[in-house]
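K.L.:
Could you put the whole structure together from the sequences, leaning on the hints where they help?
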Amino acid sequence: MNFEVTEEQKAIREGVAAVAKQFDDHYWGRKEAEESFPFEFHRAMAEGGWLGITMPEEYGGAGLGVTEASIMMNEVARHGGGSAAISTIHINLFGPHPIVVFGNSDQKSEWIPRLVSGKDQVCFGVTEPDAGLDTTRIKTFARKVDGGYIINGRKLWTSTAQVATKILILARTTPIEECRKPTDGMTIFYTDLDRSKIEVRKIPKMGRAAVDSNATFIDEYFVPDAHRIGEEGKGFSYLLHSLNPERILVAAEAIGMGHDALGRAARYATERVVFGRQIGQNQGIQHPLAESWIELEAADAITMKAAWLYDAGMSCGAEANAAKFLAARAAFTACERAVLTHGGLGYSKEYQVERLMREVMVFRIAPVTEQLILSFVAEKVLGQKKSY
Amino acid sequence: MKVLVPVKRVIDYNVKVRVKADGSGVDLANVKMSMNPFDEIAVEEAIRLKEEGVASEVVAVSIGVKQAQETLRTALAMGADRAILIVAADDVHTDIEPLAVAKLLAAVVKEEEPGLVLAGKQAIDNDMNATGQMLSALLGWSQATFASEVTIEGDHALVTREVDGGLQTIKAKMPCIVTVDLRLNEPRYASLPNIMKAKKKPLDEKTPDDYGVDVSPRLSIVKTAEPPTRKAGVKVGSVDELITKLKDEAGVI
Ligand SMILES: Cc1cc2nc3c(=O)[nH]c(=O)nc-3n(C[C@H](O)[C@H](O)[C@H](O)COP(=O)(O)OP(=O)(O)OC[C@H]3O[C@@H](n4cnc5c(N)ncnc54)[C@H](O)[C@@H]3O)c2cc1C
Ligand SMILES: Cc1cc2nc3c(=O)[nH]c(=O)nc-3n(C[C@H](O)[C@H](O)[C@H](O)COP(=O)(O)OP(=O)(O)OC[C@H]3O[C@@H](n4cnc5c(N)ncnc54)[C@H](O)[C@@H]3O)c2cc1C
Chain A
0 MNFEVTEEQK AIREGVAAVA KQFDDHYWGR KEAEESFPFE FHRAMAEGGW LGITMPEEYG
60 GAGLGVTEAS IMMNEVARHG GGSAAISTIH INLFGPHPIV VFGNSDQKSE WIPRLVSGKD
120 QVCFGVTEPD AGLDTTRIKT FARKVDGGYI INGRKLWTST AQVATKILIL ARTTPIEECR
180 KPTDGMTIFY TDLDRSKIEV RKIPKMGRAA VDSNATFIDE YFVPDAHRIG EEGKGFSYLL
240 HSLNPERILV AAEAIGMGHD ALGRAARYAT ERVVFGRQIG QNQGIQHPLA ESWIELEAAD
300 AITMKAAWLY DAGMSCGAEA NAAKFLAARA AFTACERAVL THGGLGYSKE YQVERLMREV
360 MVFRIAPVTE QLILSFVAEK VLGQKKSY
Chain B
0 MKVLVPVKRV IDYNVKVRVK ADGSGVDLAN VKMSMNPFDE IAVEEAIRLK EEGVASEVVA
60 VSIGVKQAQE TLRTALAMGA DRAILIVAAD DVHTDIEPLA VAKLLAAVVK EEEPGLVLAG
120 KQAIDNDMNA TGQMLSALLG WSQATFASEV TIEGDHALVT REVDGGLQTI KAKMPCIVTV
180 DLRLNEPRYA SLPNIMKAKK KPLDEKTPDD YGVDVSPRLS IVKTAEPPTR KAGVKVGSVD
240 ELITKLKDEA GVI
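Respectively, the protein sequence lines represent chains A and B.
In terms of numbering that gives the first Met the number 0, the first sequence opens at residue 0 and continues consecutively.
In terms of numbering that gives the first Met the number 0, the second sequence opens at residue 0 and continues consecutively.
Hints were generated in silico from the structure; no laboratory data involved.
Don't take every hint at face value.
[Claimed, not checked] Straight line, CA to CA, 35 Å or less: simulated DSBU-like cross-link-like pairs of lysine-lysine:
hint, chain 1, residue 1, chain 2, residue 2
1, A, K138, A, K165
2, A, K304, B, K198
3, B, K65, A, K304
P.N.:
Set out below in structure tokens:
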């Protein structure tokens, strides 16, 4: 067992921090108030080559693993940008994974370099209003026609669809009744997001106003055969490949945000004097903060373990889920405590922690909820009967 | 023209330093270490000279503990072509003195034959401000210190120096040593592709023995003390009170 951070991993953290630090609280506060996409941050990360961290070297990426991507995203989250900074680039890291693994060489050489350079941005159309977490029940259907498919359906929560140039769509190509297994008969498409034909309606939401999430209406949309990833009907199994890395990344991101909030709280606790002493001298203030540090570090340990397992080609489902579960909770609690530590000012926008608290909630819900993680662990690790 | 850039691994400028209990120095165990900020500026300048076609190769050299390899990788990730690490200490608390560093650099210069040495004006840990000057003396080369602007014109370097109360521009005969100041440039950040490239660039490891230089200390640290903590300020009620206090208590007017 070895917990030593490599020279390269340190350099990655420093390189990312250098970019992230150019975007201060003021920038992120303004982006939220204006509800405008952080294009400047996206460009800076693309220029630094960071969007290609997990992409193969032959297509302009760095060919590194989920471990390095987690370090990168953890650092992105530590500098005030919260989940807005994360979501600006997150989908571009893990989303194209099915293309990398199952795309043909024409698709890869045409699409991946454009994602690495930031010329293309992809959004992820999986969740649907009538299916929820039961992905096999999606209604979006791709009907085979000459030279391609006609897609009809509705997606929900499609993040960044207001600005993305590409969309990854999961659609049924065989009705569920005709499939041997419910997970069969779904297909992945990577295609242009033409907003004159696909209607993208922004969802007003609790936090992260800078980065949009949307209801997406796909109506008789033609997609050529060349935009289908891999084989027809195997889409769900392709998607599974990217689920564990995404959970690991989300965990690393949540932990980064938690540390950002905790750092702000700890600083404030040493500055604010009430009843003649620093508030942090009271155990009522310092103990909850110490507890948050412990929780975040514990979550970090299992996150990096899951990343290591994944990169070593070992199974990591339970660890990836556990990491996402622990990290989201630890980060949520850290943000809550950060608000409380600031007293009344914690509730004001000026100290940023209320923004972090609103933004951190999403990690407990997406990409998978706490209930479903518990159901998974109960079933797969503890041998209980499947409950969902 | 080859450019040699010495870089030092020092405590990160953001770290709040703590004096060791025995007063022998600053606690460096488990603290963040980085490239000396002035050396970053020197590396940046060297890379710019290469990008302008003035320099042909940038060689970074570091003298210290083995971990200084990280610092050299940073220089390589910024754009230096290759690196030399002279492992001269085992303990991170051992600071190699300027004279020993200058002697080692002089030996490297004789081997590498650069046309220019770009160094930081001082290291932020011991603030010696001596290595560049000593190197110049050992080599018999011209020196230009505290540079805020550097232009190479044929066999001369035109260097603007930040001196007390203003700027001085001097013309120094090449080869020469230039030590750089804060306002010379703003160093670039390492991009991911360059971090990846840096892994493959050559990094030679040497020892002081390879150059026949004795690095044993000539100075001993008698005491290290924290700066006095600033006392809390006081609020005054009126201009008159302020003037009285400035006169009677502070004694400044
Ligand atoms: C800000 C944001 C951005 C998002 N971005 C994207 C995106 O870009 N692309 C995308 O495809 N999706 C995206 N999502 C969707 C996200 O992945 C889903 O919201 C999430 O998977 C939960 O699904 P759902 O909302 O349909 O909840 P539902 O499935 O409706 O679940 C509702 C509640 O019931 C619980 N529940 C359901 N079944 C069971 C059971 N059997 N046992 C116990 N409890 C159960 C759930 O745990 C949950 O608490 C985003 C969501 C948010 C909030
Ligand atoms: C939306 C909003 C509306 C408000 N409206 C009004 C209003 O109309 N009129 C008005 O007068 N005020 C108002 N307030 C102020 C509110 O009453 C104060 O914010 C609250 O009393 C906390 O005081 P503080 O913000 O100064 O926190 P601080 O006193 O700075 O406390 C900061 C933190 O330190 C903790 N702490 C302090 N001392 C100790 C100790 N000895 N031991 C343990 N913990 C300690 C506190 O519990 C808190 O968590 C409002 C506040 C908000 C957020």
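K.L.:
A separate judgement is required for each hint: does it hold in the structure or not?
P.N.:
Okay, the hints, checked on the actual structure:
1. K138(A) with K165(A): The hint holds at about 21 Å.
2. K304(A) with K198(B): holds, 25 Å
3. K65(B) with K304(A): The hint holds at about 28 Å.
Going down the numbered hints, you'll see the structure goes against none, and every one checks out.
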